[in-house]
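J.: Quick note, in numbering that gives the first Met the number 0, the sequence shown goes up one by one and the last residue is 437.
The hints are simulated quantities; they were obtained by calculation from the structure and are not laboratory data. Treat the hints with care, as some may be off.
[Claimed, not checked] As a list, the in silico DMTMM-like pairs of lysine to aspartate or glutamate whose alpha-carbon atoms are at most 25 Å apart: (1) 225 - 288; (2) 436 - 404; (3) 106 - 352.
Keep in mind it's a predicted model, so treat the numbers as computed, not measured.
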Amino acid sequence: MTIFSSLNAGVAGLSANATRLASISDNIANSSTFGYKRVETDFHSMVIPSAGGTYTAGGVRATTQRLIDERGALVPTSNATDLAVRGRGMLPVAAHSQIRAGNDPAKMMLTTTGSFRPDAAGYLKSESGLVLLGWPANPDGSIPSYPRDTADGLEPVQVNINQLSGQPTTRMSLGVNLPATETDALTGGGIQELPVEYFDNLGRSETIQVTFQPILAASGSSNAWKMVLNDSASTVNPIGEYDLTFNDARIGGGTLASADVVTGGPVSGGAYDQASGTVIVTVASGPIEIDIGRIGSRDGLTQLSGSFAPVSVSRDGSPVGNLTSVEVDANGYVHALFDTGLSRTIYKVPLVDLPNPNGMVSLDHQTYMPSPESGSYFLWDAGDGPTGDIIGYAREESATDVAGELTDMIQTQRAYSSNAKVIQTVDEMLQETANLKR
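Kindly generate the complete structure, drawing on both the sequences and the hints.
T.: Below, the structure is given as structure tokens:
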């Protein structure tokens, strides 16, 4: 009898709406869960072929899908390693329990946000036990070439809290004005000295003593100087000698006209490079490039007026410092920051993208794993290709719209009651049928 198909359809309606209510309950319960992706329930009608001119109710079937590609709003936080993805792409993470068990490599999972902080071993770990993954950098901060279609190159991001670091000096810049009056044959002759600090390979402070000695002519002003460089850490000095001449013409007066290396001493130093305006000298810890300015330029050594003025003397490098914090920039580079102002790149975190994010397998703690339905993944540089960028000091809120879920709950309740009424009506009709014979 078709009346029994009505009963079955009503039961199917109860089951489908119960499934929808379960997904709504899950969404509302996680309305404050960072990174939560809401579940959507769809209904599909079931059609049973009719026979003999009668209609048979097929009922309804419910299917659920987690909308992983939906993104919640980003909210600011006070932790530098609170991370969220702005745009497409997901952060690679691994379970801390697998890393602790020594699983190499740890199984990669994906998430869109996380609050990561160093644990006792220095791993950037969230409270839910997820460890951030990234590509380790070379000692100079560069990132080697890693395969992009596999997670084999990824390692847990580990920070040594007690790490000390220094950076040796490799470049200096001398912006110094030499007094033109000191090259006068009658009144000149005063030697000018300039000590410049640098840091060796072990972070120790050393000094290059730069001496400017005027070269006097028989009469008038020569506009010529000898620059001598001595290294406090070297046993053989000087490490460089140069004859400098300056322009005294109406146009370009006071600018560098020539710089020639003086040979024949213990150490001569490198030749002057006119294109870059630099010379290279070798201190005890290695070569240092010194910028003295290009020919005709006023951005290095000049000879004007009657005063000695080191107006702009700078150098790179830093002494040994203590690690103070870790930050992740928009392109995924993990920087270790030291109290000396030094910043060192230690990892790079890629963003993982898939053709169908909604086809991934959902796991606990707002994490997901690629599956055949999601398609093959690719590891992109953050901000490159189809992916967005990584935002520090931020978390992604839940994608749940509470007002919309409550509206869906009202509709589900009414639909459930209506299906229950169908079952009640069928029961009454069957009772009437049974009452035909008394």
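J.: If a hint holds in the structure, say so; if it does not, say that too.
T.: Each hint, compared with the structure:
Between residue 225 and residue 288 the CA atoms are separated by roughly 18 Å; this keeps the pair inside 25 Å, and the hint holds. The suggested pairing of residue 436 with residue 404 is violated, with an alpha-carbon distance near 49 Å, which exceeds 25 Å. Restraint check for residue 106 and residue 352: satisfied, since their Cα atoms lie roughly 17 Å apart, inside the 25 Å limit.
Going through the hint list in order, the structure does not satisfy hint 2, though it satisfies all others.
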